[in-house]
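As they're listed, the protein sequences go chains A and B.
Heads up: the first sequence begins at 1 in the numbering used here, then just goes up one per residue.
Heads up: the second sequence begins at 1 in the numbering used here, then just goes up one per residue.
If we take Cβ atoms under 7 Å as the criterion, some of the chain A residues that face chain B in the derived model are: (1) His-94; (2) Ala-125; (3) Glu-129; (4) Pro-130; (5) Gly-150; (6) Arg-174; (7) Gly-177; (8) Val-241; (9) Glu-244; (10) Ser-468.
Label pairs and their in silico Cβ distance ranges: (11) A:Glu-275 <-> B:Thr-15: 19 to 29 Å; (12) B:Gly-131 <-> A:Leu-393: 21 to 31 Å; (13) B:Glu-73 <-> A:Gly-55: 53 to 63 Å; (14) B:Arg-105 <-> A:Val-143: 20 to 30 Å; (15) A:Glu-146 <-> B:Ala-18: 39 to 49 Å; (16) B:Arg-105 <-> A:Gly-55: 31 to 41 Å; (17) B:His-85 <-> A:Lys-158: 31 to 41 Å; (18) B:His-85 <-> A:Ser-303: 24 to 34 Å; (19) A:Val-143 <-> B:Ala-18: 45 to 55 Å; (20) A:Val-285 <-> B:Arg-84: 43 to 53 Å; (21) B:Thr-15 <-> A:Gly-55: 55 to 65 Å; (22) B:Gly-76 <-> A:Glu-286: 28 to 38 Å; (23) B:Glu-73 <-> A:His-141: 31 to 41 Å; (24) A:Asp-348 <-> B:His-85: 51 to 61 Å.
The hints are simulated quantities; they were obtained by calculation from the structure and are not laboratory data.
Glycine included, each C-beta is placed from N, C-alpha and C at the ideal position.
So you can see what is in the structure, the chains are spelled out below.
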Amino acid sequence: MTRTHVTEQGWNEAVGRLAGGHVTLLSLWADAGNVLMALLEGDDVRLLNYACVGGRYPSVGAQHPPAIRLERAIRDLHGLEAAGAPDTRPWLDHGVWRGKARAPYDFLPADGEGLHQIPVGPVHAGIIEPGHFRFTANGEHVVRLEERLGYVHKGIEKLMEGASLDAAAKLAGRTSGDSSVAYSNAFALAVETALQIKAPPRAQYLRALMAELERLANHFGDIGAICNDAAFALIHAQTGVLRERVLRAAQVCFGHRLMMDMIVPGGVAHDLAQEGPGALRALLVEVRKRFPRLIELYDNTASLQDRTVNTGVVRGDYARQFGAGGFVGRASGRDFDARRNLVYSPYDALKFDVPVLEAGDVNARVWVRIREVEQSLALIEQILERLPGGPILAVLEGKGASCEGLAFAESFRGDLLVWLRLDDGGKIARCHLRDASWFQWPLLEAAIDGNIVADFPLCNKSFNCSYSGHDL
Amino acid sequence: MRRTLFENMTHKVLTEKAPAPDEAALAELAANVNRTARAKLGRSLSIRQVDAGSCNGCELEIHALNNAFYDLERFGLHFVASPRHADVLMVTGPVTKNMREALERTYNATPDPKWVVAVGACAADGGVFAGSYAVAGGVKDVIPVDLHIRGCPPTPYELLKGLVSLLEGFGRSRR
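Kindly produce the complete structure, drawing on both the sequences and the hints.
As structure tokens, then:
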């Protein structure tokens, strides 16, 4: 993917097309005094480059709100200003990186009679990641939720600069631990695109196998956790067992429960163990025996449905405007899946459906996951049937010149984007990783509007956005 | 639902045998844990988990401790929602500079006697994130640590071994 260099006029035209809903924003990032914007037009990806003048570029967020947090992050990390930006508060930078005290943060105001604020986090009550939620409520009803993120910012993109491919691949795989496979996959694909090589066919199939195992494990975890937040512990206990069985199968197949560092640029680091196919077939049998009964239970429990139906509705137009991926987008009618729309091997050779619902509530996000579990099971079956033989790792040859690559992978929570530029020595000059959560977190603020405070954990769990993937 | 519940009573239990304590962890504890304090707590400990900057991989495996296979609560260990209810802080991640103050405040909010268990490669020394402008270091660089459980992420079995050592450490000191 080569960059199209645009003038201010060309940049603003693209912003106009974003605001008009003709194209979808895939990401916005900075590279050496330039700002890059990846756009989705139909199923085609375009990459625009604007060379900043005096450290400034025309704001995208001024007309297209999904870009606002990305612009705030660009300013925090690269010092480039979005001219005309509607929100100039820092985002990832809490003011402490250079040894100073925490900077005060101005939350957006909410005026009205009888309003009170509830500050929650960054340390939460469960075993979850840190972030701050500021609720303004009238009694039980939420009138405004504002998120304050960035607590787990580790400086991943900066650590990657100058790193070898091996070191950078390890960092990519730890951007969001629950999506380790998807990140490693997207990173490897981006490197391979830059170097114009392809992983061997067997490696491509093994990558897909790992990706579907990761999706299964996370969906089981999520479905159970959502039910648990509605105080229905039985399903949580049962899906917890299914999740554990998936991770144990992964351990048998690849020697690591979360399959970290198994996907590397050029292929995969670990071939499928001899006992792998047997363990996977046993897993499929077990899941197909247990899971349908749990779905039936979910569907027939009125007290559970009472909590999930019509709760935390994401409007379809918001899902499309923000280009929300994964179950958040697909539960609100956005029919997009990187495996199908931005097709990458071996998904072009595999048969699967992309379930899409319209209701946009917690219930719809549960059902999209349920349907995706069924699709992943079918995909694992196909992969086992067709798994080609041959090598699992291609030789990486540096190009001896600077080169760039852009790639996508569908994580369990939506599409990930990885863009990178390699220097002439084959090291990372710059790498940008965009989690699916960037375009989902803002919708959570909208989804909770008008709901009661007690339903927030349920809404939040049904989104299950990544803090680490977002904070980088 | 009845069928699922009934099966749970008739089928064999999934919960697995308890692991032996980790000898290295025992040695670390012997040096760190105050004897009189151990005697007060016995074998029931409340754990407050704090993510100080992890990639969330450790959280996934800590969660797994509660599933039927590992069933952490059979040991008298359970997770609580507030540091004010906790005896043990279980901290993951490199400590990011943005989380440093929250971790210190959580530590200060935990009543004495208390122990800190640092979980994962990052919690030990920053792991792959060490040296970043945004990272303060491992957990011990911010608050005192009594026990390290290593791994990226440590498996639930390794976590269990470490935590069983914690209980064992208390038990031995009381004898």
